[in-house]
Amino acid sequence: MRGEFLMSTFKRTFRTLASAAVGMAITAAVAFDAHAEMAQTDVALVQQMGEASNNKKLHALELYYDLHVSELTVQSMSERRTGAMFAVQRAKAANKAPSVVAELEQKAQQVNAERAEKVKDNQNLRVKLGEISGLDFSDPLVMVPDAPLDMPMASSSVPADLAAAQKQAWAALIAAQNAWQQERLTLLDAQQRYDDTRDVPIGDHLRAMTKAETTYAQAIGACRLIEAKIAVATGKPLLEVLSAL
Amino acid sequence: MLKTVMRAVIGAIFMCLMALSPRVGVAAEFIIEPLDYDIPAEVEAAAEDGKNLVVMFGQNGCPYCDKMHKRVFPHPKVAALYGEHFVMFEINIKGDLEVVTHDGEATTEKKYASQMRARATPLFVFYGKDGKDVLRLTGYQEPGIFMTAARYVSSESYKDGTSFLSFVRSGK
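Protein chains in written order, with this note's numbering: chain G, 1 to 245; chain E, 1001 to 1172.
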């Protein structure tokens, strides 16, 4: 009798667990599928927009590059928020005057509010991009598109305003790239020294790195967008042009 | 029999939950969830597959740990390189789980973190196949540097006295 009861309990538990596992497996498969389909590159975005008009694709690309910058901006604000909160903790631990602590607390609240605004901007961008592209952008973007390798040769078929914008975008890209390269080496050096001496403001270097990354991402997006606009204006296939950058 | 079946079902549920977690996703191949935090045993198990162990010391609310999870581990090149040469797990610097240190001493996450001087997070400690820590990296590591670290450790360049900084500057 007791054996039967145990067996029946086991079967019931097993059935419940097994059905839960199957349900989760299906959900997981769907979630993975959605993740795999989300455009993690501008090339994938244009590809997934299929037959949409070039104007629509250009608009989506603009929002897409903005979203990359926004991701890093939110990251940057999270870093500032942590820095501000630590500053309050340090001041309290060091028994600083209440007025000093209050000032730091106010600053931390301000940073928190600024961050909330940036998070809101990020969510709005996702919604807009989703609407215009018809695609899902609920996951984080992992990596900024690659910086174009070489500036294309000047061509007389490129409208003058786009040619001027192209020149400006490339100059900004090179400056941002150099600054980012320099910052990553400075950070690496600071990280190594921090391990040895601890006498390095590591947080400042880390925050500076994210800022440099953000500027670089902005410059990459601007450059790729202008190349996309030139492609459309001169009748070149958008997907091929972006893939070759 | 009962235990085996239950373990299989619970394992399947655990795998599904892992699959749903955004922290693993693409990077799941090199990030492991050890049953016990036995570093010498994990070093040995990794070495049997020709891999090295890397431990990430992190903590909740650390924006740079979050950045590594969102932007570096899922990066296709990072996931491929680390999947080939490394296994990684995390230690919470404020955690109380039991850990067996690389010296074979049983302690807690918190104490081991303190012993390893992990204050700013994340801290990555790369272990050689002999179990010695061969490289420490503190803070966020952008994908390029994180991949260079993988090449530095897997090629055992530290053995001839080359510092990681020189290795990076040499562009290898």
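Everything labelled a hint here was simulated from the structure, so no lab data went into it.
Be aware that a few hints might be false.
[Unchecked claim] Think about it this way: if two alpha-carbon atoms lie no more than 27 Å apart in a straight line, the pair counts; the simulated BS3-like pairs of lysine-lysine are:
1. G:Lys120 x E:Lys1077
2. E:Lys1111 x G:Lys92
3. E:Lys1070 x G:Lys128
4. E:Lys1070 x G:Lys92
5. E:Lys1111 x G:Lys211
6. E:Lys1132 x G:Lys96
7. G:Lys120 x G:Lys167
8. E:Lys1094 x E:Lys1111
9. G:Lys118 x E:Lys1111
10. E:Lys1070 x G:Lys118
Evaluation of the provided hints:
no.	hint	verdict
1	G:Lys120 x E:Lys1077	31 Å, violated
2	E:Lys1111 x G:Lys92	25 Å, holds
3	E:Lys1070 x G:Lys128	22 Å, holds
4	E:Lys1070 x G:Lys92	32 Å, violated
5	E:Lys1111 x G:Lys211	34 Å, violated
6	E:Lys1132 x G:Lys96	42 Å, violated
7	G:Lys120 x G:Lys167	33 Å, violated
8	E:Lys1094 x E:Lys1111	9 Å, holds
9	G:Lys118 x E:Lys1111	37 Å, violated
10	E:Lys1070 x G:Lys118	17 Å, holds
Violated hints, listed in ascending order, are 1, 4, 5, 6, 7 and 9; each of the other numbered hints is respected by the structure.
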